[in-house]
Amino acid sequence: MTEKKNKKNLHTRRDFLKLTAGAVGSVGALSAVWPFMDSMNPAADTLAQASIEVDLTEIPEGSGKTVLWQGTPIFVRHRTPKEIEEAEKTPLKQLIDPETDKARVQRPEWLVVVGVCTHLGCVPLGQKPTDPRGDCGGWLCPCHGSQYDTSGRVCHGPAPTNLPIPPYRFVDDNTIKIGVTDD
Amino acid sequence: MTKKKHPQRPSRPLYDNPVSKWIDKRLPVFTFIRHSLDEYPTPKNLNWLWNGGSLAGITLLIMIISGITLGMHYNPDPADAFNSIERIMRDVNYGWLIRYIHVNGASFFFILVYLHMFRSMYYGSYKAPRELLWIVGVLILLLMMATAFMGYVLPWGQMSFWGAKVITNLFSAIPVFGDSIVQWLLGGPNVDAPTLHRFFVLHYLLPFLIVAFVAIHLICLHQFGSNNPSGVEVKKSEDQIPFHPYYTVKDLYGLTIYLLVFAGFVFFAPNFFMEAVNYNPANPLVTPPHIAPEWYFLPFYAILRSFPDKLGGVIGMFSAVSVLFFLPWLDRSKIKSAAYRPMFRPLFWVFILNCLILGWIGQKPPQGWYLIIGRLATLYYFAHFLIILPVVGWLERPLTVPSSISEYCKREHNRRKK
Ligand code: HEM
Ligand code: FES
Numbered sequence: 001m002t003e004k005k006n007k008k009n010l011h012t013r014r015d016f017l018k019l020t021a022g023a024v025g026s027v028g029a030l031s032a033v034w035p036f037m038d039s040m041n042p043a044a045d046t047l048a049q050a051s052i053e054v055d056l057t058e059i060p061e062g063s064g065k066t067v068l069w070q071g072t073p074i075f076v077r078h079r080t081p082k083e084i085e086e087a088e089k090t091p092l093k094q095l096i097d098p099e100t101d102k103a104r105v106q107r108p109e110w111l112v113v114v115g116v117c118t119h120l121g122c123v124p125l126g127q128k129p130t131d132p133r134g135d136c137g138g139w140l141c142p143c144h145g146s147q148y149d150t151s152g153r154v155c156h157g158p159a160p161t162n163l164p165i166p167p168y169r170f171v172d173d174n175t176i177k178i179g180v181t182d183d
Numbered sequence: 184m185t186k187k188k189h190p191q192r193p194s195r196p197l198y199d200n201p202v203s204k205w206i207d208k209r210l211p212v213f214t215f216i217r218h219s220l221d222e223y224p225t226p227k228n229l230n231w232l233w234n235g236g237s238l239a240g241i242t243l244l245i246m247i248i249s250g251i252t253l254g255m256h257y258n259p260d261p262a263d264a265f266n267s268i269e270r271i272m273r274d275v276n277y278g279w280l281i282r283y284i285h286v287n288g289a290s291f292f293f294i295l296v297y298l299h300m301f302r303s304m305y306y307g308s309y310k311a312p313r314e315l316l317w318i319v320g321v322l323i324l325l326l327m328m329a330t331a332f333m334g335y336v337l338p339w340g341q342m343s344f345w346g347a348k349v350i351t352n353l354f355s356a357i358p359v360f361g362d363s364i365v366q367w368l369l370g371g372p373n374v375d376a377p378t379l380h381r382f383f384v385l386h387y388l389l390p391f392l393i394v395a396f397v398a399i400h401l402i403c404l405h406q407f408g409s410n411n412p413s414g415v416e417v418k419k420s421e422d423q424i425p426f427h428p429y430y431t432v433k434d435l436y437g438l439t440i441y442l443l444v445f446a447g448f449v450f451f452a453p454n455f456f457m458e459a460v461n462y463n464p465a466n467p468l469v470t471p472p473h474i475a476p477e478w479y480f481l482p483f484y485a486i487l488r489s490f491p492d493k494l495g496g497v498i499g500m501f502s503a504v505s506v507l508f509f510l511p512w513l514d515r516s517k518i519k520s521a522a523y524r525p526m527f528r529p530l531f532w533v534f535i536l537n538c539l540i541l542g543w544i545g546q547k548p549p550q551g552w553y554l555i556i557g558r559l560a561t562l563y564y565f566a567h568f569l570i571i572l573p574v575v576g577w578l579e580r581p582l583t584v585p586s587s588i589s590e591y592c593k594r595e596h597n598r599r600k601k
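Chains as they are written, first to last, in the working numbering: chain A, 1 to 183; chain B, 184 to 601.
Some hints here could point you the wrong way.
[Unchecked claim] Computed cross-link-like contacts, DSSO-like style, restricted to lysine-lysine with a CA-CA straight-line distance of at most 30 Å:
1. A:18 x B:433
2. B:227 x A:18
3. A:18 x B:204
4. B:227 x B:517
5. B:418 x B:547
6. B:600 x B:433
Quick caveat, the hints were computed from the structure, so don't treat them as lab data.
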């Protein structure tokens, strides 16, 4: 066998074989790792979890109801005319994460938001009129004191963003379906 | 290529940089790596059968990784166990692949380990000074059997359930305490939720015990190094080569071939080793008409059924494994390799054939001729260890053993040229 080396002792036949074999082996090993990692992502049936319906007649004006959708609490709040007015009047400049109230509701009396504080995931208080609701009249997070207004927008940190809106639609005047937009 | 007489490894950057030196002084990992790769002398004449150990070790790793990922989705509750497996097959990303790797991996593991053991028998690797290495191996085999048995129960199919029932009931053959022992094992009067739950926990635990025993196995191995096809111990430096790169490369090459065959089964014949009946959910009211264990238990199952008596069968089956513990002392011959043992060599192959016959009988109904053949094969199995090996060691006139491994290599070289 001839193994010619150039002056720098580089690029021998063996170096070439080592590099190519190593490269092919690494690609193989990495592609073998992928299925095991991907198996920890949500499974097809978890992603396909059904939508839920909420009966609105049960929720008196001024309170909210918390329902569980795909393992996540959803706040459905029946707002009073005063709360609606406050939410609509708030100047955008004053907000941490500016968004109009109109853009956040389908019908002004009903606010539907994901009930998970955008700071670190606690469930804020304020669903019952007797709960502490903070200075903005919406919700107060017990964990680190974030406050939300009657539109679910953050008005006092440390939370960085508003409570998100889940996909939902009105089935009729008294029922909403969470988890679908239109069908 | 020029041949070096005393292969000497140059120091390499891995060991020479200050960070490595700092760590090594406090935790001698690099000394350990260097010792086991560069300095660990290995006979230069090992054949392909010596790839078995490293392949088994990698398979153990594959089993643990695929098992842990399966465990993230499996539910050890009789109401949901079967469904959770089907969910893995249909809904979990690559769940089908991971499950088929685990299921086929179990069979491949046993194929490798049985080959590994037969290799050790043929070349007399269990003889002094490697008796403990062999005994630790038998302990590993026992742990593997327990792990495989409990793993098979987890999918909670018909075979899972009835296999669990039959095997745990073996213990009821024990006089006086039998029934209480079975209840203790099952956690109730029957195979049910407590049984499934503890089997899952133990099935998860035992592989890590196997890892610990493999470590002990390797410490024993490194004490004297590998045996080799000549059965003659290493005597001079010409007899050996460093483990790295010679055997690391050979092991890696063997690994690629092995993985190709393994992938062939996983992708193209994933159910080859499986029983169709086990795709029926467990039904405690109906036993399937034909009950047989996984292939790797068949010879032992045949021995169990060859005894007309309940307790006898159970003792027979456990003795079939335990007799292996005594092999280093039952074989009276000082010569290791079968190549120089004219009487033992054919008898070794008869023993292999007999094991295959036992495996074949294990899946047949224990009636008529099958029963008779099974009994003869069982008798021969024990006779091989208890009568044939001691007597042959005493009667046999061995051929002249090469004076050294290098001498063996010269002989082989000349033989092949002819
Ligand atoms: C998890 C299963 C096992 C693993 C990972 C394993 C690993 C190994 C490794 C890496 C070697 C050195 C390479 C080789 O000789 O192939 C070895 C040698 C050996 N093993 Fe195992 N082993 C296992 C099971 C067993 C069993 C069940 C037995 C016997 C009952 C056994 C008996 C031996 C003997 C006698 C040797 C020395 C062979 C020689 O040097 O000729 N092993 N094992
Ligand atoms: S989690 Fe709500 S304020 Fe920190």
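Taking the hints in turn, this is what the structure says about them:
The straight-line distance between the Cα atoms of residue 18 (chain A) and residue 433 (chain B) is roughly 14 Å, inside the 30 Å bound, and the hint therefore holds. Note on residue 227 (chain B) and residue 18 (chain A): the hinted pairing holds, with a Cα-Cα distance of about 23 Å set against a maximum of 30 Å. Annotation: proposed proximity of residue 18 (chain A) to residue 204 (chain B) holds, straight-line Cα distance about 27 Å (limit 30 Å). Taken as a hint, the residue 227 (chain B) and residue 517 (chain B) pair is honoured in the structure, with Cα atoms around 22 Å apart against an allowance of 30 Å.
Annotation: proposed proximity of residue 418 (chain B) to residue 547 (chain B) is violated, straight-line Cα distance about 50 Å (limit 30 Å). Annotation: proposed proximity of residue 600 (chain B) to residue 433 (chain B) holds, straight-line Cα distance about 24 Å (limit 30 Å).
Violated hint for the displayed structure: number 5, the only one.
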